[in-house]
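As you go down the protein sequences, you meet chains F and H in turn.
Counted from 1, the first sequence has number 261 at position 261 by this note's numbering; the numbering is strictly sequential.
Counted from 1, the second sequence has number 60 at position 60 by this note's numbering; the numbering is strictly sequential.
Hints were generated in silico from the structure; no laboratory data involved.
You can take every hint at face value.
No more than 25 Å apart at the CA atoms, straight line, and that leaves these computed lysine to any residue pairs for SDA-like:
{"id": "1", "chain 1": "H", "residue 1": "LYS89", "chain 2": "F", "residue 2": "PHE249"}
{"id": "2", "chain 1": "F", "residue 1": "LYS207", "chain 2": "H", "residue 2": "TYR67"}
{"id": "3", "chain 1": "H", "residue 1": "LYS47", "chain 2": "F", "residue 2": "GLY230"}
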Amino acid sequence: MAESIPTQPSDPHADDHHHEEQSFVSKYLLSTDHKVIGMQYMFTGMAMALIGGFMAYAFRMQLAFPGVEVPLWGVVTPANYTALVTNHGAIMIFWVAMPVLIAAFGNYLIPLMVGCDDMVFPKINRLSYQIFLLSAIVLISSYFVDGGGFGGAWTTYPPLSAKAEYNLTPMGASIFIGAVGLEFVAFLLGGINFITTAMNARAPGMKLYDIPMVIWMIVIASILFMVSVGPLLAGAIMLLFDQQLGTAFYDPNRGGDPVLWQHLFWFFGHPEVYVVLLPAIGITAEIITVFSRKKLFAYRTVLNTAIGTGVLSFCVWAHHQFISGIDPRMAHVFTLTTLLISIPIAEMMFVYIATLYGGAIRLATPMLWALAFIFEFLIGGVTGIFLGASGADIYLHDTYFVLAHFHYTFFPIAIIGTFAGVTYWFPKMFGKMMSDRLGKIHFWGTIIPFNFIFIPLFFLGAGGQHRRIYDFQNFPALAGEGMQDLRILATTSLLVMLGFQLVFFYNFITSLMKGKAAGKNPWKANTLEWTAESPPPHGNWKELPTVYRGPYEYSVPGREKDYWPQDEPN
Amino acid sequence: MSEDEPHTNYVKIWAILVVLLAVSVAGPELEIWWLTLVTAFGIALVKAYVVATKFMHIDHAPKFVTYLMVTCLVFMMLFMAGSASDVFKSSGDNWYKIESDWQYMPPVAQHDEGAHAEEAGNH
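Please take these sequences and the hints and turn them into a complete structure.
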């Protein structure tokens, strides 16, 4: 690897920063401080998670109790239902998983973990958040225009999405595309910052293999995003033209091709899975090493595997299209590549288990979340192998089996990964410890209902229950007692899980107000952020640190302490 | 671009591009298939190369910018390889695109809409 890339002797912008007292507006609203922008992303992401979660509640109520008056929403109409499902999917991926896992943790952690005082481009960073916030507002506004929110699924397949007379949301469909486009611009700006900062602004002495794994993962994810998003943006503009200008890129009646959209969408869409997965895997690496007091087993293997996964993720996209009329010969190719990509991911899981082996494991709340990530994601990964095989996918395509599969991947990524990161870095972010007891109650209150929501959906899917159906009572084969009981079980579990999130918010707020002071390094971790004050001041350190070793030197024989911070000379 | 290197003569490059454009428009008019191929696609490649090296300064940029450009091309070819067999097809087992028969392409309005819908349905 390019270890010859020189690290900066000191931050090039050191003179530009004036780390003095700031007014409320410049500190919180127009801040260019990476920590504030990270928090803005995190809180916006959490607010969007509440909206996305509420949507899930509304449509799950409709599925379990068709036609019932849903508290806080009312009766869910068919148009409501499709719009809720569509926006739930889009929000959870683009406005929750990406802002929290990449933007919030990326912004907060990269300068702190590579040892510099801010992002390389602080103003671009601020612009990134502002565009992101605008995109969220634009998306929500689509609910209040003529025709309401777009209901053609988050994948926006034409012809349904291209023609107002099909989707019945002439404004909503275009606003949806506009919001997603803005969100992509925000993440391109953010990604440039993450990559440049991690590569060019590292503390003296920090070689490429001394970079903490979570930073590597965010950098690789940013590169994947930058490389994959172009075709989709181009495709989205063509779709917008179809909607508003009467072109026919995707209109088969006039020589267009709807399958082209599916190719463009999934050429982005599948790498996107790894864009959000990799940061969660990185967060897990940080936590399991600290809480098992072990060196990360095979650092370079994890890194190379992640890069390999990234490259391979561009060769699997058409496994989403096995039954959409693609050339059957290509189905063989994409089955092969899809099954191949399970190998590097499985390798990472083995590496993590090997890291845990023989360690002094401490089951604090962040560690529970990290272990749950490995466990639950495995279920998602293994069920993906069924779907990657084109023969099995012909039966399972577009059933709840698919839905349960990707919730077993995305929930561990977006929710479990986020809670792992938030509970682990909370002491650094706010200078206070969270209650471990409440944290554990919240953990079990989330994980157990989660499995009760989605395991029934595997059975329903294998039983033939199709996705995006408003009311299964209209289908005699799907309306039976047994199947409806499973739907009610899933919905009830969702209610329980949502209820337990109150414990998290209670814990969050009370810990903020009267939590125990955390000190600099409550977990006794090695990485650089734990050498700064908690919370770190503007500029992070009075004197920028120097790095002497890798980030995972735990339980080194012959040392008195079982950890060895990166900035300690001996 | 460093200071001591001579500036590209943009007007000259532009003039060359215009001439190439004229060739690429005129060539296919003769309707000889191999000449169409050379003048349409061959000249497009040359023009893209000139724009990238001269207008986008790739010839003066650090090596990694060239690598990035090549990576983009590789990704584009990857995408083409995966999707060409679907989106470049003009017929299948039970369908064909009337409009794809470009030599005899009639105005859209002359078609019976019902027949179109049927074609699409089969697709």
